[in-house]
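Throw the hints in and build the complete structure from the sequences for me.
Protein chains in written order, with the working numbering: chain A, 2 to 289; chain B, 2 to 289.
Source of the hints: derived by calculation from the structure; they are not laboratory data.
Bear in mind the structure is a predicted one, so any value in this text is a computation, not a measurement.
Any given hint could be a false lead.
It does not matter which identical chain is used: a pair holds within one copy or between any two.
Claimed, not checked - Calculated lysine to aspartate or glutamate pairs in the EDC-like style (CA-CA distance at most 20 Å, straight line): (1) Lys250 x Asp209; (2) Lys161 x Glu30; (3) Lys161 x Asp88; (4) Lys250 x Asp22; (5) Lys283 x Asp3; (6) Lys254 x Asp81; (7) Lys161 x Asp22; (8) Lys254 x Glu220; (9) Lys223 x Asp3; (10) Lys7 x Asp166; (11) Lys7 x Asp228; (12) Lys161 x Glu239; (13) Lys283 x Asp247; (14) Lys283 x Asp81.
There are 2 protein chains.
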Amino acid sequence: MDFTAKIEQALSTALGSVITDACPPRLAEAVRHAVFPGGARVRPRLCLAVATACGSPDVEIAAAVAASIELLHCASLVHDDLPCFDDSPLRRGLPSVHRAYGEPLAVLAGDALIVLAFENLARVLAEDPARLAPLLLTLGRAVGMPMGIVAGQAWECEPKVSVADYHRAKTGALFAAATAAGAQVAGADAEAWRVVGDRIGEAYQVADDLRDVAASAQEVGKPVGRDALLNRPSAAGELGVDGAVDLLKGLVKGAVEAIPPCPGAEQLAAVLVAESRHIMPKGLADRA
Amino acid sequence: MDFTAKIEQALSTALGSVITDACPPRLAEAVRHAVFPGGARVRPRLCLAVATACGSPDVEIAAAVAASIELLHCASLVHDDLPCFDDSPLRRGLPSVHRAYGEPLAVLAGDALIVLAFENLARVLAEDPARLAPLLLTLGRAVGMPMGIVAGQAWECEPKVSVADYHRAKTGALFAAATAAGAQVAGADAEAWRVVGDRIGEAYQVADDLRDVAASAQEVGKPVGRDALLNRPSAAGELGVDGAVDLLKGLVKGAVEAIPPCPGAEQLAAVLVAESRHIMPKGLADRA
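The following block contains the structure:
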């Protein structure tokens, strides 16, 4: 199955359900700018891959759930880029939303994307309500308090921070939700699948650290060298490039070993390994 | 029934479900600051009053749904007060969230409250999933695109605005959701009840305009005279105080006339009239 096409289609459908003639046109543009063109769509592809591995027959529902996860991710990027946080001028190689549309519309576009993520779930699962509450709680836990993305970002405002808690909330939580939600769509046990997402999330964080030291801004589509500049914790900074690559490989291996028994376990393992190469800086990909 | 106590309890329960030891402490404080002490809780009281008028036996569920509505309202206040919008130093007589905790935590507290509003619905209705999707869609429509609060606020960023569309989205939508959701909790027809909320929302907007010209900052708990200063459309500015009071009375009468047949129609009518006095500036209350 072409996961990427399914996800782009599900994202278009979700946006199309609320971007009507009645919508303020610049808000609609800002929201589209936040979602299209996308990045690697790592989280929704992981969600779809897990749903497929678990034998889910509902590709459309799985893609819609995956799209809600990506909408929440896009919302977090728009708000993280705001002047009061990273003040990033670039995102995915284009001006960030606040640079393109101004700060007010960036705040509102992020808000609108959060709302849409949950509405989209309700719309898709209206005929299958028993699955709605568990999936909604999985997504809410990944983005809200006490340990979702919002909490992760908020650790930057605390005088004392555990780096592990910070990364687990800011990055890991949505990866864990991607695998948990994929399993839930298929009727499998969500908790058993969270570990896989946790480890992939940690690996992704290490890859992000590596890209920040070893990739060009053009390749990444946003400024690099920010971790050192902003004095943020970084695996690449602490362990060096080689140490960080080894860590990443170990995390992906751990994720593969944590895959619960399921019809598509072998194929999923191959996908995870391929993905780990995909997220590395180009010059390092052969080492992963 | 003491609606106010029920609502405060439901808000405490909602916050308590996500503010744990694992939560970044300053984010938790900022979120509490955004919700407690509350304002008049007009929207959740309206929701509970409608659920009661429709004969809902589920007071706890009605109060939880009402609390989700109030959480979304609080989120919109926190974000509206941000420097890139109104830059309001005060809210409910205390420093606004960004003045008390800084802009980053104000952005995050608003985000966290939106997420919590939907999580709270899912948590409360997990055992009654058939009601979850319709209620979630009612709340989503009230706050998202194309015609919810976020869209209403976004009209401020457009070169051309219909004042009616602006107010209907920014203020009316959540009032319509309050009556619609109250009806849905009781199993009544949501659409028939939206009209009541629409009219109360319009009346509330007029009252807000009146407070802006005719009340003290101390009474309102936020700066006054802002509409003229920011050149915002205002019924009091266009019609004068007397004209605006007449308009408000007409709108409340219209809301009362729109109440669909239900067991508690008469009592609800009395509540709506009493509320309309409650929201007026003190010196004008006798005229409404």
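Q. Does the structure break any of the earlier hints, and which numbers would those be?
A. 3, 4, 5, 6, 8, 9, 10, 11, 14
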